[in-house]
Amino acid sequence: MATADEDIAPDGLLAARAGNGDRAAFAALVERHYDFIHRIAYRLTGRRADAEDVAQDVCVRLGRAVAGYRGGAAFTTWLYAIVLNAARDQMRRNARESVKAEAYGVQALVSAGAAEEPDDATEALWAAVRALPDKQREAVTLVYGEGLSHAQAADAMAVAEPTVSWHVHEAKKRLKALMRARAGEV
Amino acid sequence: MSEKDPFDMLRGGPAPRPREGARERALDAALRSYDENYSTAPQGTAKPARHTGRTTRFWRGFMQTRLSATPAIATLVALPVAGFAAWQLLGETRFGFERADVPAPSPIVETEAPRARQEQAASGQAPAETRVAEEGEASRSFPPQDQMAAQPNFATRQPDVVAAPSAATPRLMRSPTMAESKLMPLPAPEPMAGAEENRDRLQSFDTNPVRAALENPVSTFSIDVDTASYAFVRRSLKEGILPGADSVRVEEMINYFPYDWPGPQAVDTPFNSTISIMPTPWNEHTRLMHVAIKGYDVQPAQKPAANLVFLIDTSGSMNAADKLPLLKSAFWMLVNQLADTDTVSIVTYAGSAGTVLEPTKGSDKRKILEALDRLDAGGRTAGEEGIREAYRLAEQNFVKGGVNRIMLATDGDFNVGPSSDEELKKLVEDKRRSGVMLSVFGFGRGNLNDQLMQTIAQNGNGTAAYIDTLAEAEKVLVEEAGSTLFPIAKDVKIQVEFNPQKVSEYRLIGYETRALKREDFNNDRVDAGEIGSGHSVTAIYEITPKGSPAQVIDDLRYGEAGTNNAAGIANADEYAFVKIRYKLPDEDVSKLITTPVTAANEIASFDQASADQRFSVAVAAFGQKLRRTDATAGFDYDRIMQIATAARGSDPFGYRAEFLSLVRLASALDGGR
Chain Z
2 MATADEDIAP
12 DGLLAARAGN
22 GDRAAFAALV
32 ERHYDFIHRI
42 AYRLTGRRAD
52 AEDVAQDVCV
62 RLGRAVAGYR
72 GGAAFTTWLY
82 AIVLNAARDQ
92 MRRNARESVK
102 AEAYGVQALV
112 SAGAAEEPDD
122 ATEALWAAVR
132 ALPDKQREAV
142 TLVYGEGLSH
152 AQAADAMAVA
162 EPTVSWHVHE
172 AKKRLKALMR
182 ARAGEV
Chain R
139 MSEKDPFDML
149 RGGPAPRPRE
159 GARERALDAA
169 LRSYDENYST
179 APQGTAKPAR
189 HTGRTTRFWR
199 GFMQTRLSAT
209 PAIATLVALP
219 VAGFAAWQLL
229 GETRFGFERA
239 DVPAPSPIVE
249 TEAPRARQEQ
259 AASGQAPAET
269 RVAEEGEASR
279 SFPPQDQMAA
289 QPNFATRQPD
299 VVAAPSAATP
309 RLMRSPTMAE
319 SKLMPLPAPE
329 PMAGAEENRD
339 RLQSFDTNPV
349 RAALENPVST
359 FSIDVDTASY
369 AFVRRSLKEG
379 ILPGADSVRV
389 EEMINYFPYD
399 WPGPQAVDTP
409 FNSTISIMPT
419 PWNEHTRLMH
429 VAIKGYDVQP
439 AQKPAANLVF
449 LIDTSGSMNA
459 ADKLPLLKSA
469 FWMLVNQLAD
479 TDTVSIVTYA
489 GSAGTVLEPT
499 KGSDKRKILE
509 ALDRLDAGGR
519 TAGEEGIREA
529 YRLAEQNFVK
539 GGVNRIMLAT
549 DGDFNVGPSS
559 DEELKKLVED
569 KRRSGVMLSV
579 FGFGRGNLND
589 QLMQTIAQNG
599 NGTAAYIDTL
609 AEAEKVLVEE
619 AGSTLFPIAK
629 DVKIQVEFNP
639 QKVSEYRLIG
649 YETRALKRED
659 FNNDRVDAGE
669 IGSGHSVTAI
679 YEITPKGSPA
689 QVIDDLRYGE
699 AGTNNAAGIA
709 NADEYAFVKI
719 RYKLPDEDVS
729 KLITTPVTAA
739 NEIASFDQAS
749 ADQRFSVAVA
759 AFGQKLRRTD
769 ATAGFDYDRI
779 MQIATAARGS
789 DPFGYRAEFL
799 SLVRLASALD
809 GGR
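Top to bottom, those sequences are chains Z and R.
Each residue of the first sequence is one higher than the one before, starting from 2 at the first, in my numbering.
Each residue of the second sequence is one higher than the one before, starting from 139 at the first, in my numbering.
Hints in this document: simulated from the structure, not taken from any laboratory.
Be aware that a few hints might be false.
As the list claims (entries may be wrong) - One side of the interface only, derived from the structure: several residues of chain Z facing chain R at Cβ under 8 Å: (1) R24; (2) Y43; (3) R49; (4) E53; (5) Q57; (6) V61; (7) G148.
Quick caveat: nothing in here was measured; it's all calculated off a predicted structure.
All C-beta atoms in this analysis are idealised placements derived from N, C-alpha and C, irrespective of residue type, glycine included.
For reference, chain Z alone in the conformation it holds in the complex:
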């Protein structure tokens, strides 16, 4: 019965088993969460290639870090934190290669790299979100993109809850300004 229940065992238990050296548990855990990781990575980076790189990076980090999961918080909250870190690193690498220029104003390029409907309002908004400073982008992604409460997002970002609220507030101010500006242009 040790090996048969990987598909239904709760995350926390699988993680604890993986931490104690159970390879099958670890494999099941990563398999189960890959899509989840990929989704957040995509939302944060906005490009398919980056999302895949970040997701793979997260998987590698998990192999090393799973032993450190202590069951205190929900596994997904813990996982969010790792994805945020990995995505931040990826963005920094991109910035070094001066790819970040794309992410700023040149929305067309971003969309071409990924989205099926480049003119979609949602996609446009996401592009604007990606142009926000790191913490604001993360807060908006977790709160609006993932539907987390401010408290859960605070856990994942390792900051206090009011800090998340403030980041969200600042982000909304900026986004509204951006959207107004764009509406004016059209």
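Starting from the structure of chain Z, add chain R where the hints point.
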């Protein structure tokens, strides 16, 4: 658009399905990275691998739980959320310096063994091999009937487990990553070191081997009423980690639970022993010899006055929710139990030792509680100075015929002064003669010096307990205040002589760290454990009756010639002869109680044993499983659950219910094996 939040549409934002190739690559990469951390060691190197395995498995276990600084209340509900944020910060930093361009090589020393161990446990033919290795190790590290208890030998065992506070540990655990972090500035070493290293120190020991009654008919040990190991195991399991073998002392797990053994009728016999022979649940061919001892329960009216000195570690490291705040709550509960005539003094040690509260009568509770409340953490630890000051106060206020006890509360190495552990032990031994006893209470985790705690408590005629939750504090300091505070017998030793005519082999379950030499039994100068008011102590032997197919050691061809055991032949019907030696608290000459174990002590089937007996056997089985003892390898957690559930009894404080939940946790963590 203005009505609802315009940003809600982000929720349904596009996120393309991951491509199958990318997904597969990522999963492969994940497993490779995992395997690097849990790499497979070739089998067949059983002995060295096991050894490293045990040590590093232990370290790894605690490395994972660094920063278990969780609030007392949170610990109570087993939800250490608060530690999470801190962990997260750590995680970030750690990823930070792993981010070298060269991938960090996996720390091989740390991780190869656990995997090997698991495989060993899983493979069918391993047990025999393990058994051989185990016996080999046992005979190598200490000769039969060694004197572990009297002098827990720091000098010889220390290098194995006890990494010197900051030099050895990082070398073993961290430098592989550190060495590669060329791009990143190193994080400030001080806070990191404190947070990341686990420096819990435990004495390592080997499980008692099976002995042939013909060759070694006599088994001698000191009783042990400590409970620290159970609390330690519980905390580990609740954090999702199987405890390291060295943290599991089976006898302390058994003795954690209150049992209703028949007690003595009068004060002049301080305790009563009940001995039963019953079938072994995990082996149909062997029996258990169950020795249950119950101390006389002193009535509250007869309780002598107490002179207590709280010696409290207020070093900077105590500044965590599960340390000083928990400690304050614990002592608060104890103070509220005290009679008006009792006295309390408080000594703290941090930087320099100081008396915070001069001896104060129990009638002035408010003053004591206020002094407790003012305690604040900061500075380094100067343990020896603190202990001297505490003894001075205790002696100055000595109550003749009463209880004179120092209660030391610490989170770890309270000995940063100039003296060595050995000198500290001598100091405690010297002071014991003055009649002042010393008990040790461990708090927190990560820096806990279990080994020194045990030594000091054993040499100071006291108990050692580990307090991880408020409930545990209540159990140790309030409910058991009677037994912790009021000793009724000291230097209690047990010697069992087995009759080779009836018993071919025996094995003492637990008490490894309490073994005594055969000749020490009659030597009144050799220190041993204490029994407090109402305490119960249980020792279990697994015995193989003569002619049973379970016999693992071959008969000696010339065995009969070698036996000098005339008594065994004269009393051919006896299984064994149990001798208990003890001293009354204020006497120096020991007394002896002897009990022959005969067919009259037999219980036909395990189910006919009392609920308490069956429960204690379930705990013994659980402890042995956690230690990966060979005897219980084929006995699964479900059976332990069944026995413990059936034997749960009234369980007024819920201790047994908690035990059941721990068995479930261990079963899940261990993959149901």
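### Task
Double-check Z/V61 for me: the hint is only fine if its C-beta lies closer than 8 Å to a C-beta in chain R.
holds, 4 Å
### Query
If you take the shortest Cβ to Cβ gap from Z/G148 to chain R, is it below 8 Å?
Result: holds, 6 Å to nearest chain R Cβ.
### Given hint Z/E53 near chain R, where the shortest CB pair must fall under 8 Å
holds, 4 Å
### Task
Identify whether the interface hint at Z/R49 stands, where standing means a beta carbon of chain R within less than 8 Å of its own.
holds, 6 Å
### Task
Verify the interface restraint on Z/Q57: the C-beta must sit less than 8 Å from at least one C-beta of chain R.
holds, 4 Å
### Query
Minimum Cβ distance from Z/R24 to chain R below 8 Å?
With Cβ-Cβ at 7 Å, under 8 Å, it holds.
### Query
Does the CB of Z/Y43 sit less than 8 Å away from some CB of chain R?
holds, 5 Å
Checked against the numbered hints given earlier, the structure satisfies every one of them.
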